[in-house]
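Work out the full structure: start from the sequences and follow the hints.
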Amino acid sequence: MIVLKWLFLTISPCDAAEPWQLGSQDAATPIMQGIIDLHHDIFFFLILILVFVLWILVRALWHFHYKENAIPQRIVHGTTIEILRTIFPSLISMFIAIPSFALLYSMDEVVVDPAITIKAIGHQWYRTYEYSDYNSSDEQSLTFDSYMIPEEDLELGQSRLLEVDNRVVVPAKTHLRIIVTSADVPHSWAVPSSGVKCDAVPGRLNQISILVQREGVYYGQCSEICGTNHAFTPIVVEAVPRKDYGSRVSNQLIPQTGEA
Amino acid sequence: MAGHRVAHATLKGPSVVKELVIGLALGLAAGGLWKMHHWNEQRKTRAFYDLLERWYSLKTAWMAISLYTQK
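For the record, the sequence lines run as chains A and B.
The first sequence begins at 2 in our numbering and counts up by one.
The second sequence begins at 371 in our numbering and counts up by one.
Treat the hints as calculated values from the structure; they're not laboratory data.
Hints are supplied without guarantee of correctness; some may be wrong.
[Unchecked claim] Derived lysine-lysine pairs resembling DSS-like cross-links, with alpha carbons at most 30 Å apart:
(1) A/Lys68 / B/Lys388
(2) B/Lys414 / A/Lys174
(3) B/Lys405 / A/Lys244
(4) A/Lys198 / A/Lys244
(5) B/Lys429 / A/Lys174
(6) B/Lys405 / A/Lys198
(7) A/Lys244 / B/Lys441
(8) B/Lys414 / A/Lys244
(9) A/Lys198 / B/Lys414
Right, here's the structure in full:
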């Protein structure tokens, strides 16, 4: 137990933007893992073509430098090479398209019976989250607002422009449905480590299905220009163990619903 | 002067096929290095989730034993 715990302390997942970051954040959902794998597939072809073209370019400059080769050749066509340079790019495009379409259509798969539905409503400049699964008849949904914590109120270890006062608490390893909309101007609900970016359009309900594979805290930011404080409306999703989810949600919402 | 042979560049031109093959080989080698990096990343991710599953199983077993011994 202790050994396993120690091993985990040495692993720190990247679930928020880091300074000078080059690659993606660590995947927390199967969708994000698929996106990363697709990127790796395409990058292989990118490197292949880059190295090949650079080699041919350098060798052409080397062989046909005016001091080495005073009389230029006058080649007007070459059927074989023209056929090859048509077929190979088509094959490469096909090899890229296959995994790309596979991922695209799998991302569009709608989970028929998600365990939990959460509504994320964008405002200028905060978020409102509604948990409506626990209503009975005319009861009001469990609702709370999520504002960014200003820089002067941050505690040691917290991230600037990323922390919020009320996080979205979700159970890990559970199918979730997030319905995204807006109350005023377009926003976008984006969490990079979950591979999610969904536009919040006023008058429209957009739906996404996610399955968070591991517990943790995942950070995102508004991704559609929405006014002067667009950069100051972050999203924080906290994935907790399933057995703790109920108590976490009710504890979080007691101050708000207690007065209702 | 008209009688002298003038060496023409095309007689000593590079082999297009050779350059294409070398370029392709280099490209595949570089792409192969990237693929190795990708497979290594996949292996680390799989190992992480396997370790996580083992942690959950051990934790559940530990809690069950604790509950039983408390009774």
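Results for each hint:
In summary, the hint linking A/Lys68 to B/Lys388 is supported, as the alpha carbons are separated by about 23 Å, within the 30 Å threshold. Distance hint between B/Lys414 and A/Lys174 is fulfilled; the C-alpha atoms sit about 20 Å from each other, no more than 30 Å. Simply put, B/Lys405 and A/Lys244 have alpha-carbon atoms about 40 Å apart, too far for the 30 Å limit, and the pair is violated. Between A/Lys198 and A/Lys244 the alpha-carbon distance is near 28 Å, which keeps this suggested pair within the 30 Å criterion.
A C-alpha spacing of about 16 Å is found between B/Lys429 and A/Lys174, which places the hinted pair at or below 30 Å, so the restraint holds. Distance check on the hinted pair: B/Lys405 and A/Lys198 sit about 28 Å apart at the alpha-carbon level, within 30 Å; holds. Simply put, A/Lys244 and B/Lys441 have alpha-carbon atoms about 21 Å apart, close enough for the 30 Å limit, and the pair holds. Between B/Lys414 and A/Lys244, the direct Cα distance comes to roughly 28 Å. Compliance with the 30 Å bound is thereby established for this hinted pair.
Using a Cα cut-off of 30 Å, the hinted pair A/Lys198 and B/Lys414 holds, with the two alpha carbons roughly 26 Å apart.
Going down the numbered hints, you'll see the structure goes against just number 3.
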